[in-house]
Amino acid sequence: MASLRRRAVPYLLISPTVALIAAFLVYPIGSVAYYSLQNRNLTRPWADGFAGLENFRRMLFEDELFWQSLGFTAKWVVAEIGLQLLLGLALALIVNESFIGRGLARSLVFSPWAVSGVLTTGIWILLYTPGTGVLRFLGQPETAVLGNLDTVFPAVVVTELWRGVPFFAILLLAGLQGIPGELYEAAAVDGAGRVRRFRHVTLPHLRDAIVLATLLRSVWEFNNVDLLYTLTGGGPAQVTTTLPLYVAQRAIDSKDFGYGSALTMAGFVILLFFSLLYLRLSRFGEER
Amino acid sequence: MKRTTAWAATAVLAVAVAGCGSGSDPGSAESGKTTITFWDNNGGTRTPIYQELIKRFETANPTIHVEYVGIPIASVQQKYDTAVAGGDTPDVGGVTTSYLANLVGQQALEPADDWLGKSAVNGKLAAPMLDSVRDTVPDGKLYLVPGTSNLDVVWYLKDKLPEAPKTWDEFFTDAHELTKAPDQYGYTIRGGAGSIFQVLAEMYAYSGVTEFFDASGKSTVNDPKNVEYLTKLAGLYKKDTPEADVTNDFPKMVAAFGTGKIAMMHHNLGSYNDHVKAHGADKIGAFALPTGLSGKRTIVANPVDGFAVFKGSEHKDAAWKFVEFLVSKESNSYWNQQTGQIPANTEAQGDSWVTALPHLKTAVDALNDPNTAVVSPPYYLPQFSSITKADTEPLFQKVLLGQMKPQEFLDTMAQKLTDAQAEWKKATGG
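The listed protein sequences derive, respectively, from chains A and B.
Using UniProt numbering, the letters of the first sequence map in sequence onto residues 1 to 288.
Using UniProt numbering, the letters of the second sequence map in sequence onto residues 1 to 430.
Simulated from the structure, these hints should not be mistaken for lab results.
Don't take each hint at face value.
Sample of chain B residues facing chain A (criterion: CB under 8 Å; computed from the structure) [unchecked claim]: (1) GLU243; (2) VAL246; (3) ALA366.
Think of the CB as a built atom: it goes at the ideal place given N, C-alpha and C, for glycine as much as any other residue.
Make the full structure from the sequences, and use the hints.
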């Protein structure tokens, strides 16, 4: 009896965790997987029922918008991550130098990160508003940046950069501060100039921070809904629709939850790949 | 000792988790008072009107407390769908015929026929509005008690346009002549959320086609005359209208009109107060959409807006009492006077303020003109709302941006409507 109780204790102790994981991860994922195999459309209740792989067939072979949104998602993630990394690194290097007012400069650099996504949109919509927005200073007061196919992509990228660069800057600054000063002194003594010190001391030490920040941010940018949804709603003509936004349009706006679930599964598989990559690389970092 | 701690921790967690489920008990907040929840389907500028009406209602019915929740019009359908799926619906909700079929399909609403039969407002609600509600659902019951109706009009600035155009040709001429570089525009197109209904209203007014489906069940949306109109309209974009129109939703459109840079804007009676606030009542004029090629006026019927009692309500009688109060002569008159729309209560329709407001007189005259034909969009199709919003709004933007031909756009929409109509007929055995 006593030994049974003893054996039960570990299970009892992990049971809350298991219950929470089951309730908040296993069940929702399972239910999306289930619905992806069903016809489930609130506007066509008479057609509900088992669909097999029909939703996936439609997604892969008939739905141009799926591929278009996937293509835009890739373009969006690459542009955002590339620019955020570059600008974030530059900012981190600047505020890592010692100069008068550095504390103030640091807080200013990081402040956009503290602004919520929807507020960010609010600010930028005002900036982009024709007539009263910032473009009147460029002599183009009547240009609708968010309604023009040529300008909408740069416009949304800049908006997200404004919010995303500080995140990189914070992480990279933390990495920079972890580099011992003696290394730079030693390198300087050996005759290394600024550029070589950066290449051979700074960059190798920042490697882990860069890899992790890049991967984490990629997942976040992939899943970005708040900013694009409120800024452009995925438009005009769906040219700024990411895969998660497209899921929202199909499942929530069109009430086609079966098809929306199939789209979600596609996003799930892609993100699973990123997660595995992240796990591998983060363990890789530990071993060294 | 350790084990006791673990047990205690588990117990605390269990209580916490269980606590999430039970929730608070609505309806018994104060001793003996019934609390009902009311969702306004267009919260915002209308909120103070309801606050006043609720105050009056609570004074007359001291045992009932009404909790007001203002839902933004853009997300109201989602909110209702989520509430129905989660079993957390309000007692009374503002509902329009454009999503009534959807809610009835999900068995979310209680029919009001029996209540209305015994009520003092019976026989005092406009018959066309009641018919329009009943035609929306397969079983012909009254799931929504009409409070107001609306009409599409073109608002214009009197100092720019001294005389309203009578025909579409005059309209296009005016739109062009009132446009002056760099930032004065004759017209504005709604290209964002809500665009399709306005396009439909303009196309049918122009073409004079009077049925949404022909005898064989095919949609008339891609009628050659409709295509002709859409081609003309798309031709205005960026020439006589602002570039920003492609993403124009209701708030953006009204704000742009409020700046005074735009001479004419198509919307409905509902935005009257916004224009008065921006320009003053004497500067604003309204004309009904011009008569079409046939010389007759064709109107696409606006959704009827009213109130529904939800099936999930635990206080249905109190809920009905509130609905009855809202459509009674005095409340209905007050509400519509504040919003500048057409009252559903026929006694309220006779009030002096209705005839005193020029835009409302324009609307009532257009509706009562024996020459006017009314086209009823298929609000009864559960797919109608997703076809005319999520499916085709982005395509209309493509038309404006020159990425899609008007013909192709209307063919696509017509096909979707024809299919949906056939499928619905089969499903309902009609």
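Does the nearest C-beta of chain A fall within a distance shorter than 8 Å of the C-beta of ALA366(B)? 32 Å, violated
Does the interface hint hold: is GLU243(B) within less than 8 Å of chain A, judged Cβ to Cβ? 4 Å, holds
Verify the interface restraint on VAL246(B): the C-beta must sit less than 8 Å from at least one C-beta of chain A. 4 Å, holds
Of the hints listed earlier, the one the structure fails to meet is number 3.
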